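Asks: Spelled out from the first residue to the last, the chains are:
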Amino acid sequence: GAGVSQSPSNKVTEKGKDVELRCDPISGHTALYWYRQSLGQGLEFLIYFQGNSAPDKSGLPSDRFSAERTGGSVSTLTIQRTQQEDSAVYLCASSLVAGMGEQYFGPGTRLTVT
Amino acid sequence: GQQLNQSPQSMFIQEGEDVSMNCTSSSIFNTWLWYKQDPGEGPVLLIALYKAGELTSNGRLTAQFGITRKDSFLNISASIPSDVGIYFCAGQRNSGNTPLVFGKGTRLSVIA
Numbered sequence: 878g879a880g881v882s883q884s885p886s887n888k889v890t891e892k893g894k895d896v897e898l899r900c901d902p903i904s905g906h907t908a909l910y911w912y913r914q915s916l917g918q919g920l921e922f923l924i925y926f927q928g929n930s931a932p933d934k935s936g937l938p939s940d941r942f943s944a945e946r947t948g949g950s951v952s953t954l955t956i957q958r959t960q961q962e963d964s965a966v967y968l969c970a971s972s973l974v975a976g977m978g979e980q981y982f983g984p985g986t987r988l989t990v991t
Numbered sequence: 002g003q004q005l006n007q008s009p010q011s012m013f014i015q016e017g018e019d020v021s022m023n024c025t026s027s028s029i030f031n032t033w034l035w036y037k038q039d040p041g042e043g044p045v046l047l048i049a050l051y052k053a054g055e056l057t058s059n060g061r062l063t064a065q066f067g068i069t070r071k072d073s074f075l076n077i078s079a080s081i082p083s084d085v086g087i088y089f090c091a092g093q094r095n096s097g098n099t100p101l102v103f104g105k106g107t108r109l110s111v112i113a
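From first to last, the protein sequence lines are chains A and B. Just so we're aligned: the first sequence equals residues 878 to 991 in this note's numbering. Just so we're aligned: the second sequence equals residues 2 to 113 in this note's numbering.
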C-alpha cells in the first residue's frame with residue numbers, strides 16, 4: 878500500500894514568512910509524528926498526535942511552531958515568521974496505535990529559509 | 002533534546018567486509034530500532050527489538066537489544082555497495098506509540 882507522503886518536497890522561503898508543510902500518513906495509522914533533521918544530525922522530535930487525544934507538543938522549539946491534524950488523518954505543520962535556523966528537513970512518521978509502535982517515515986520536506 | 006550516543010560517526014570499508022555500529026544511552030529504553038537513510042529520503046526501518054537480550058536478523062543485518070536495556074548494536078555482514086547510507090539507532094522509552102529518541106547516525110561508505 879501507499880507509504881507516508883509529504884508535500885512539498887522542497888520549500889525555499891524568505892525569513893519572516895510563514896510556511897505550511899503537509900503530511901499524509903499511511904491509511905489506518907492513527908499515530909502521527911513530526912521530527913526535524915538538521916544537517917548532519919539525528920532526528921529531533923517535534924510533536925505527536927494519537928487518535929483524538931490532545932497532541933504531545935513537548936518537542937516544539939518555540940511558539941512559532943504549531944501543528945494540527947484534521948479528521949484524524951492529514952497533518953499540517955506551520956512555522957510562522959520563519960528564521961534561518963528553521964532550515965532543516967522536516968520528517969513525518971506514522972504508526973499503528975494497536976501495533977508495537979514501529980514508525981514509518983515519509984520522504985521529508987527540505988525547508989530553506991533565506 | 003536528548004540523543005543517543007551512536008558510534009562510529011563514519012566508516013569507510015571494503016566491499017565484503019563486516020560492519021558493526023552501536024548505540025548507548027544513560028537511561029533505559031524499552032524498544033530499540035535501527036533505520037537506514039539514503040540521500041533525499043526518509044529513514045527506512047531495518048530492525049525492531051522489543052526485549053532485553055533479543056538478537057534479531059534481517060538478511061545480512063543482525064541487531065541486539067542490550068541486556069541492560071541501555072544499548073544496542075547493529076552488524077552488517079559481507080557489505081555490498083548498496084549498503085552505503087546513514088544508519089540511525091532510535092530508542093523508545095515506553096512500549097507502543099511514543100516519540101523516538103535518535104542517535105546522530107553512522108555514515109557508511111563502501112569501497113568496491
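Since the hints were derived computationally from the structure, they do not count as laboratory data. Careful, some of the hints might be misleading.
[Said to hold, decoys possible] Covered stretches of chain A, going by a simulated chain B footprint (3 or more residues, C-beta under 8 Å):
id	region
1	889 to 902
2	943 to 957
[Stated by the list, open to error] Listed below are the simulated DSS-like cross-link pairs for lysine-lysine, each with C-alpha atoms no more than 30 Å apart in a straight line:
id	chain 1	residue 1	chain 2	residue 2
3	B	K71	B	K105
4	B	K52	B	K71
5	B	K105	A	K934
6	B	K71	A	K892
7	A	K894	A	K934
8	B	K52	B	K105
9	A	K934	A	K892
10	A	K934	A	K888
11	A	K888	B	K71
12	B	K52	A	K934
13	A	K934	B	K71
Computed from a predicted structure; not experimentally measured. Don't be surprised by glycine CBs; every beta carbon is placed ideally from N, CA and C.
Asks: So, for every hint listed, does it hold in this structure?
Replies: Hints, verified against the model:
Only residues whose beta carbon comes within less than 8 Å of a beta carbon in chain B count, and the region 889 to 902 of chain A has 0; fewer than three means the coverage is violated. Evaluation of the coverage hint for the region 943 to 957 of chain A: breached, as 0 residues show C-beta separations to chain B shorter than 8 Å, against a requirement of three. Proximity of K71/B to K105/B is assessed by CA-CA distance (about 16 Å); at most 30 Å being required, the pair is judged to hold. This hinted pair checks out: K52/B and K71/B have alpha carbons roughly 12 Å apart, not beyond 30 Å.
Straight-line distance between C-alpha atoms of K105/B and K934/A comes to about 22 Å, which keeps the hinted pair within the 30 Å bound. A C-alpha spacing of about 41 Å is found between K71/B and K892/A, which places the hinted pair above 30 Å, so the restraint is violated. Our distance criterion of 30 Å between C-alpha atoms is met by K894/A and K934/A, whose separation comes to about 22 Å. The suggested pairing of K52/B with K105/B holds, with an alpha-carbon distance near 23 Å, which does not exceed 30 Å.
Straight-line distance between C-alpha atoms of K934/A and K892/A comes to about 24 Å, which keeps the hinted pair within the 30 Å bound. This hinted pair checks out: K934/A and K888/A have alpha carbons roughly 23 Å apart, not beyond 30 Å. Proposed proximity of K888/A and K71/B is contradicted: the alpha carbons are some 38 Å apart, above 30 Å. At most 30 Å may separate the alpha-carbon atoms for a hinted pair to count; K52/B and K934/A meet this at roughly 29 Å.
With a C-alpha separation of about 26 Å, the suggested pairing of K934/A with K71/B holds against the 30 Å cut-off.
Taken one by one, the earlier hints fail for this structure at numbers 1, 2, 6 and 11, listed in ascending order.
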